[in-house]
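Student: For reference, the chains in residue letters:
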Amino acid sequence: MTEKVLFLNQKFDRPATLEEYRENGGYGALALALEKYAPGQVCDLVAESGLRGRGGAGFPTGRKWLSFAGRKQGPRYVVPNTDEMEPGTFKDRVLVNCDPHLVLEGIILAAYAIQADQGIFFIRPSYEQDAQLIEGELNRAREAGYLGKNILGSDFSFDIEVHRSAGRYICGEASAQVRAIQGYRPNPRKMPGLHLTERGLWDQPTLVNNAETLACIPAIVSRGPQWFKKIARTPSGAGTKLFCVSGRVVRPGCYELPMGTPLREIIEQEAGGMLPGSEFKACLPGGASTRFLPKKQWEVPMDFESLKKIGHQLGTSSIIVFDHNTCLVAATINLLNFFVRESCGWCTPCRDGLPFMRHLLLEIEHGRGKEEYIPMLRSMAGQMRHAYCAFAPGAAEPVLGLLEYFEDEVREHLSRGKCPCRFSDAGGGFRRKQCLT
Amino acid sequence: MPYLIIDNRHIQVPRGTTVIDAAERLGIMIPRFCYLKVLGAVGACRMCAVMFEAGPVKGLQMSCMVQAADGMRVSTTHPEAVAFRRQIIEWLMINHPHDCPVCDEGGHCLLQDETISGGHSRRRYTGAKRTYPDQDLGPLVQHEMNRCIQCYRCVRFYQEYAGYRDLGVMGIASRIYYGRFSDGALESPFSGNLIDICPTGVYTDRPSRFLARRWDLQRADSICLHCSLGCNTVAGAHYRAVIRQESRENVRVNGSFICDRGRYGHAYANLAERPRQSRLDGEPAGWREAAREAAARLKRIAAAAGHSAIAVLGSARNSLETQIMLRYLSHHAQWRPPRFFVNGSEARSTAAVVARLDSRLAAGLPDLEEADFLLAVGVDPVNDAPMLALAMRQAARKGAKIVVLDPRPVELPFAFDLLSAGLGDLPAALAVLVKTAVSQAGTDGCEAQEKAFLAALPGRVPDEKLQGQLGQAGGWLAASRRPAIICGSAIAGPELAGLAADLALLLQTGKTPSRLFYLLPGPNAFGAGLLQRGSRYFPSLLQDIEKGGVRALLVVENDPFFRYPDQDRLHSALGKLELLMVLDYLPSRAARAAHIFLPGATVFEAGGSFINNCGLLQYAAPVHEGGIPLAQVSGGSHPPRAHAPAPGSEKCPSAYEALLFLANELAIRPPTMDASPWSLLPEDFPGQAELLAHPYPTDGLQLLPRLSEAESLQTPVNLPTSGPAAGALTVLRVEQTFGSEELSCYAEPLRQLAGPPLALLHGADADRAGVRDGEQLCFEIGGEKVELALQVTNRMAPGQLIIPHHYALGRAACRLPAVVAQAELRGLTGQDSPDLPQAITES
Amino acid sequence: MLPEEIRHRLETRIAASAHPRELVVDVMYELQNHYGFLNDVALREVAELLQLTPLEVEELATFYDFIYRRPVGRFVLHVCDGVVCWMFEEQSALDYICKLLGVAPGETTPDGQFTVLPTVCVGYCDHAPAMLINGKLYGPLTPEFIDRTLEELRSISCDLVLCR
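Protein chains in written order, with numbering that gives the first Met the number 0: chain X, 0 to 436; chain C, 0 to 842; chain R, 0 to 163.
Just so you know, these hints were derived from the structure itself, not from any lab. Treat the hints with care, as some may be off.
As a list, the in silico SDA-like pairs of lysine to any residue whose alpha-carbon atoms are at most 20 Å apart [unchecked claim]:
no.	chain 1	residue 1	chain 2	residue 2
1	X	Lys369	C	Gly126
2	X	Lys294	X	Arg263
3	X	Lys35	X	Gly73
4	C	Lys397	X	Met190
5	R	Lys135	X	Val161
Please read these numbers as outputs of a predicted model, since none were measured by experiment.
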């Protein structure tokens, strides 16, 4: 039985209550930290644990927190990022619905560690039910003395409010999220040499962390960074990870497993393998902004470094599984549709380059492709890495994966003059294309 | 100072310089669309990518987003960088229409240039182009959104830099749209800069639309004459008409931008009714014939009544050369010394400024941008000198506290504190504010004289609320490090100018070394101020004309009727003259009344030097020969086919040349006929030696003395602290951005933006008088009606009736009373008995 | 016109906020829910409440996909077209719903009941294919499930507003 850090109190049909959370030691880490640890020590613990951000970029969490030392005084903010708009990703929804107070305790600990005054829980509109859940639990936490003035009798005060977003994928990008909260157009903003941890919300030091990242904190504080680090199955990993498995598997869902669990194991054991009649063709290992990963690589341990070594990214560790019947050109067009529509419109590669790439793929898919489109696509996808933020490079990843591992399939579109798939019954009453070959 | 290598060339640049700017210093223009030095770097277009081959930054990076650092080796021609930039161009061009042949930007389009130089010539994108509807953005700027490449320059200038909030970016992704919420004229008086900064043809100059390619324009560096700031422009003429002006960068004056009054105010030079024909006693005459006859009459008058029977009136819009010649001529002909101002208060204010401003005190617009506290007194920046507001906004963006002390409902594109004080209370209020600051900051550095001056300053104003505000603002001033006082001249008199200098000096002795910035009444008021020394003011001249002591008046580029309060008196006085000779390019009333009229040349034809409000002498080059625009000669046919010179179409001599001719006829000969005007300067004129060595310094010549010789810290006595008697309203005539200034008010596009003639009244006064916002005030003066839309606001000082000058108001508006009784207002709206106030004479 | 009760509540919140602009999305939502969509009147009221210009509100309103500048029905169906849902139905769920309701994507049924909007991944991939109706998640979609759900919604008389 693997250690649970995040799903310790999972009830499956409803969220764990405050009482249930406390029975299992909930808020003990907060009490411990307030009593025993200076804020800087909490940062050190997190740094020692090897925890890396769960939002996609995998930045070492402790390093981010430690950078607050010496930042200007005045209000500081923590922004738990629950925008979660990466296609295929639903772990934060499941997490919040499983154990809301675990997330809250993580936020409060983070706030204590960087001495923040205010937390702003950023939630996407399709999670409105979760926003309401959180607002209710915030009240309970406040009544219980975990939030507000002088938390648990200490001289640390902190409170959290919910910010409802009105949509758009780009709001998940930290600097865009900060602008969204302030009521400005959420274009990412970079200033040379200036990070959000120095000038974020209202020009004050601001910590933006993914909700899952923050939910790891209570365990790190209460059970120690070494314990946390050792849960992982690979030396380069740390802790557990929520893996969202979706697509053509028997049991799609969100599974907590040690960092470094092999991809095949997640798909075959946790998710129950492929649907009857489906064969694994490829998956996106970390959401829509990662490369198609072919079967020959599916033994890879799922952690940041192991995937990086073979040219992939962990991303949000949302495993989207495609079967042998899926046209990956069409799948890539679907993914690009998403990115084209959600581009904030700030920089040229993203705003104008992605529609160009989508156009080339559409031409290929509809049998009007030309040989020269393949090098064009490869070149444009490569140029995306010089875009303003990580959005366009992410959008280019599936295209790069398509060309790297499935160029034959693309060429088949060219040689046949049409997509080699045809529409058929997809099960569930809908029809879908199926590959002829 | 980082030391780096760009394209194998070494350069050292100040810390904080971006790589794109460092390259520009080497003459390497890295392609860019979104980057503009004044707006800062945002890295949106990704066009300025270069390869960082060695140093702290590696790989392909945007040169606008990286600051130069030691050890950097940068290649702008690296194949990867070139390929990436070419790719950016291709992406930008997928939606750009191929309408260059009908686009006014064609020929000076950055997108066109970069597309060619980037080598993008074959279209690979076969999809449809996205299209947009355009908006009507008003008479100045034409909108063509299909051409947009989404560089964000416009919205960043409009909102962030200039602070206006009606143009922005809407939508998302590849559908983003720059525009207004709905059709309508842009609210910013700086909107024309969108045309200059847009890298393609989304915003083009509307009045000159489809008139000419930029390469077909006769272009030259010019100076804006529509206020005293002396902003730099490039003027462009085509077919004998000045059709377009652009901003010209000058970091000592206007930086990169100009206001719309300056950009579009040039229509006076092309007017169909511009006088082009010399006249002798009302009859057309040859120019030389008229000038010779003038000389003959002047000789006769001098012989009969003495040389002092001849007087000269120049203006604050004369070039310095003209002013010098006027002074030289009147000096050598032993006429009366020249006057330059019809308004006595303007003359005395200018005299005070010229006497007091020195390089210790003087701040320029760039200094104001760096200030951390600005106190503007008697100034309504957007209406008086718009670019001043833009400079103040830059200070505000950097965190400066800004306080405006003025009777008007001043509005500015940034957060500031408006301290409403009646016109008469301004000096006392200013004194109270500064006294508070000096007292708080401590008087350690002050000597006895300064302490005595400080003690003599009033400590209170009667208005309790204002007193509180002054105290608070005084605290801000005391806490500031780089404060500046901005002092206007349009409504307040010379006392305020002198007091402002004294107070700035007082602050300089203490811990808050304040600088000083004056506005002056006219583009070369400073020159007039330097040259009017020893002359008395126009009102006394008028008396002498009436008494018969003056029999001839030579008026050069001035119209005494323009705003003179007692038009009838002026008319009858001028009617007594044996000779009224007028030289001007405006169709003025004085020009029509002249016995001898000589058509003048505008700055676009004659060029000339002008000294701005900060004492900076700048040269405007002639742009074209002038003459009647072909569009008028050929009756508007396109293309114009009638090219033959029409009457009056030959080049008008400049006022300087005309006066030189006159001097010659009067046997007053300069050393040589082609002598530099600077050789005619009076001995005591500042900067003479430099001017003789370098006649037309390209970036201006600062003429201010290091230390003013004027007596400073003259203890103020009896600073008035009360307005008019209870129940009376002081009528305040003020400028507005568009439609009031003497030259630009002829420009039709600006007239469209001027709005209707207004009268502004405080809410309390309106209540007492029983009048309401939106009602029409109608003065009937000498059979003429002056109709004003009443606007009631509480953002102004009570006790005033503020009436902006307006092109549409007739001559009668000059004769509006100086004081109106509150009780009369209701009658003026036509509701009660029409008990009209009498027009009163000059104050 | 905005009812006094809503205006008062918003004004109180705005007055209590250190950064009123932070509330702009909330205020847009509030007025949108009151008017059914963020019409020009509502947009100007948002601007007035927050001392913004209409343009500044429009800059935001046109950015976000959950702010509607055009009328929508009583129920807004956000049909997910994320890659996971696509894998199961390749747009045929959207096609089915549109055909069932007789509208094109983006349109509202003539009776003002339903608006169909294709939308990005709604985060319900473990129940794909999925959609969002007024902020509530529905899935996995089948033709029968869609028939049943829409039929149920038609009979609901009260407003079911989580987040349109």
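Student: So, for every hint listed, does it hold in this structure?
Tutor: Structure-based check of each hint:
1. The straight-line distance between the Cα atoms of lysine 369 of chain X and glycine 126 of chain C is roughly 14 Å, inside the 20 Å bound, and the hint therefore holds.
2. Between the alpha carbons of lysine 294 of chain X and arginine 263 of chain X the distance comes to roughly 9 Å, so the proposed pair stays at or under 20 Å and holds.
3. Distance restraint check for lysine 35 of chain X and glycine 73 of chain X: the Cα-Cα separation of roughly 25 Å exceeds the 20 Å cut-off, and the hinted pair is therefore not satisfied.
4. The straight-line distance between the Cα atoms of lysine 397 of chain C and methionine 190 of chain X is roughly 16 Å, inside the 20 Å bound, and the hint therefore holds.
5. A C-alpha spacing of about 18 Å is found between lysine 135 of chain R and valine 161 of chain X, which places the hinted pair at or below 20 Å, so the restraint holds.
The structure shown violates just one earlier hint, number 3.
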